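Start from the sequences and build out the full structure, keeping to the hints where you can.
Chains as they are written, first to last, in our numbering: chain F, 1 to 750; chain B, 1001 to 1159.
FYI, nobody ran anything at the bench for these hints, they're computed from the structure.
The calculated BS3-like cross-link candidates involving lysine-lysine, where the alpha carbons are at most 30 Å apart (straight line), are:
(1) Lys-127/F / Lys-1003/B
(2) Lys-59/F / Lys-1003/B
(3) Lys-103/F / Lys-59/F
Restraint-style ranges between C-beta atoms, simulated for each label pair:
(4) Ser-118/F / Arg-1072/B: 25 to 35 Å
(5) Val-84/F / Glu-1154/B: 50 to 60 Å
(6) Val-619/F / Thr-1125/B: 14 to 24 Å
A quick note: this is a predicted structure, and the numbers were derived from the prediction, not measured. Yeah, the Cβ is synthetic: ideal placement off N, Cα and C, and Gly gets one too.
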Amino acid sequence: MNAIDNKWIGKRTIRPDGADKVTGRAGYSADHSMPGMIWGRVLRSPHPHAVIRGIDTSKAEALPGVKAVVTAKDIVNFPLDKSVMLGIQDMRWMCRNVMAREKTLFHGHPVAAVAAISEEVAEAACKLIEVDYEVLPHVIEIEDAIKPDAPILHDFVRHEGKPSNIATTMVNKLGDVDAGFAQADLIIERSFTTRPVHQGYIEPHACTVSYAADGRVTIWSSSQGQFMVRAMTSLLTGIPQSNIRAIPAEIGGGFGAKTIIYLEPVAVMLAKKSGRPVKMVMSRDEVFRATGPTSGSMSTVKIGVKKDGSIVAAQGTFYLQAGGLPGSPLRGPVGCSFSPYNIENVLSVGYDVVSNRSKVAAYRAPGAPLGAYATECVLDEIAEALGMDKLELRLKNTAKPGGKTVYGATLGAITFKETVEAIKNHPHYTAPLDKNPSKGVVRGRGVASGFWFNAGGESSAQLNITEDGNVNVTTGHPDVGGSRASIANVTAELLGIDHSRISVLIGDTSSIGFSNLTGGSRVTFASAMVVTQSAEKVIGQLKERAAKIWKIDPEAVIWDNGEARPAGPNAGQFPPLTLKDLAAKANEMGGPIGAGVQLNTTGADPGFATHCVDVEVDVDLGIVRVLRYTAAQDVGRALHPDYVEGQIQGGVVQGIGWALSEEYLYNAKGQLDNASFLDYRMPVCSDVPMIEPIMLEIPNPKHPQGVRGVGEAPIVPPLAAIANAIHDALGKRFYSLPMSPPKVLAVIDG
Amino acid sequence: MAKLHVTTTINGEPTEFLCDPSQSMLDVLRNTLGLTGSKEGCGTGDCGSCSITLDGRLTCSCLVLAAEVGGREITTIEGMAQGDELHPLQQKFLEMAALQCGICTPGVLMAARALLEKNPDPTETEVRFWLAGNLCRCTGYDKIVRAVLETAAEMRSAA
Chain F
1 MNAIDNKWIG KRTIRPDGAD KVTGRAGYSA DHSMPGMIWG RVLRSPHPHA
51 VIRGIDTSKA EALPGVKAVV TAKDIVNFPL DKSVMLGIQD MRWMCRNVMA
101 REKTLFHGHP VAAVAAISEE VAEAACKLIE VDYEVLPHVI EIEDAIKPDA
151 PILHDFVRHE GKPSNIATTM VNKLGDVDAG FAQADLIIER SFTTRPVHQG
201 YIEPHACTVS YAADGRVTIW SSSQGQFMVR AMTSLLTGIP QSNIRAIPAE
251 IGGGFGAKTI IYLEPVAVML AKKSGRPVKM VMSRDEVFRA TGPTSGSMST
301 VKIGVKKDGS IVAAQGTFYL QAGGLPGSPL RGPVGCSFSP YNIENVLSVG
351 YDVVSNRSKV AAYRAPGAPL GAYATECVLD EIAEALGMDK LELRLKNTAK
401 PGGKTVYGAT LGAITFKETV EAIKNHPHYT APLDKNPSKG VVRGRGVASG
451 FWFNAGGESS AQLNITEDGN VNVTTGHPDV GGSRASIANV TAELLGIDHS
501 RISVLIGDTS SIGFSNLTGG SRVTFASAMV VTQSAEKVIG QLKERAAKIW
551 KIDPEAVIWD NGEARPAGPN AGQFPPLTLK DLAAKANEMG GPIGAGVQLN
601 TTGADPGFAT HCVDVEVDVD LGIVRVLRYT AAQDVGRALH PDYVEGQIQG
651 GVVQGIGWAL SEEYLYNAKG QLDNASFLDY RMPVCSDVPM IEPIMLEIPN
701 PKHPQGVRGV GEAPIVPPLA AIANAIHDAL GKRFYSLPMS PPKVLAVIDG
Chain B
1001 MAKLHVTTTI NGEPTEFLCD PSQSMLDVLR NTLGLTGSKE GCGTGDCGSC
1051 SITLDGRLTC SCLVLAAEVG GREITTIEGM AQGDELHPLQ QKFLEMAALQ
1101 CGICTPGVLM AARALLEKNP DPTETEVRFW LAGNLCRCTG YDKIVRAVLE
1151 TAAEMRSAA
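Structural data, given as structure tokens:
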């Protein structure tokens, strides 16, 4: 689609949900209450690893004000020997994550829950629950968990025939790496570690649930998918989906972690037992202790090149922390690490390692940043060893359309090369950098690239014309960062009407067709597709109505700029009929006007990004400051440029936190020592500069507006880009994140 | 323990409520008075989502005991717009897309307003340090800082 032709697509319109969000009126998950509502609290394990021999809830139940107590007995048990999948989630693990069953697997693991007339009474009742624990030795770090004598978390997990904490192995292969490395003039192999980092959404998990006397359940909660909430709650409570209505509250950030649930099934069972609506809200401490961070990792990457810089072979081994139950995002590093490049011989292996930490959850481009960190740091060393410009090395090896990836896909119309060239030609990359501006301060510049699969999948939309000729569009996707604004722009463009006449809504599970999660950079891609097809159907109906009024063939009617007109002089002479005119005559001419589309969308080709960063290192304090950051990405078509830029800027700053300051710190007892925003250090406003996005708009030929997924790719390059910039400043390499002041000082002094 | 009776002023309205001695002002705003615009991101004064002004001074309402506010003036996000007329900061945040999920937005707006009342011509660095007590995980702060600087410039030229 040609940008010049667009009246609304690509415009920085005001988002439909904006006024509510700047005035405090928008309803997030904890903002909903009900008459007669009581409060639920969770009792959590004080031990990182223990057998639950018994739970006595009688004293808690006897406390005045307590209305219900729930344990694992009240949650559906999925036996360990049979996998039951919902998307990528295994219900064996989910049922044990929402409520510990045989064992507690991490400090903070839920073991029981209480509903009472106030949070204080519920909290007091939790303390009266007597749990008989048999405390077991625990293991936290990957290197310890994979040792032969490590405490084993799960008897049923076997690796190479023996009990192990390695739950899964994923192998992706292309060509023959041994033959490839044999041709190499230079081989560099390095090992890296990263720490688990939390998604850090500001809204803690919360829900309000009602259970009616006829067994019908209503759930108000925020998530990245109300249909996921319904399906998972149904599986874990045994209540059929048709009896559950999941209403999506506004979501206060998710970044992947709200693609699973923690509280909803527990609240449903408390509501069922008590006969009262139940509200549950996690504290920040609980969010840190018991909801998923993303995996920490141990990686080794080996890359072989010819003298001219062409890569002949690459090998990656990625150990990822799963937490107490299996399921780390192996696909991210295994599939993404080498995919920006045209490499004939690749071996990429991932290991899913369980240990006594909270179960990981998805985090923006799940797993991909860990892999890119290792790969892009090794490429930096290769460029240095060859005396080559770092971007030239990447340009020499960019993946090509039609190329085969290690994860099996054949690449479509990809545009990685363009992102590298955009940085190469940008005034940031070409500007001179004063590397020694003052005593005790050194500066450096780094670059790195990144890849994300992107995704299509199931989406539904319904577009209705109101009786007064305006428009309601409903989709099934929670709006995490402005997707309603993009849908309003697309609808206004297609119908040729003013943006302000369109209302964009998020339907609940009973009012719109199945829609998959908001995640994986899929929502704008997929929802624009179903909204486009719905609008096309509506335009077809409008043309038919006009044809009926004019008594001409519908083929002889065109829809142009919000009006039906005769296609040409041969069609007849009639004054145009507007949307309002046709809406006013809708019922006499055939009934209401509206259409819905439900699709399994395809054509979401991968996303690529290349970043450039300048840093300053205080060599006395070890503090690294980001001075300038430029991020180039092919976005296909920016339906609403502000929210595309926002995805890039937000992803980059999360990456800066991952690189420099964020980490989970466990003590010797296996307890998380920094479960607060004070001690878990996310970037604050004064830590970062402006982030300059370069949006390359090269339309995705498989999408009606040319959209390409945007949200994940920006968090993939920053870890390596910053590590490479620090090396440029100090002349020393770092192989471990975060590059926090103590570690920086250790490298400077070492 | 018996509840305490507190008489105060919230967004210009005389207001009475009963609270427990241990209850935070945030809890009373959200769960007693139904003013849910102030958000609880942490409950420990680290995220700034519950920012209010107390006698004109910016504070985290999660760190204030409700029993302390008798006779004082509280402003919350619900008091920022005048009817359907948005405060210039609210309008600029919409125009410049300075929010994504929006959960931090009420607190950021309260903090930014307090800054501009104190310093109508802040530098970028001053904005960044003033807002360092308000965590935002979506935007990377870029559009927030721009919107505050732009609002300040417009308010100065209108004054």
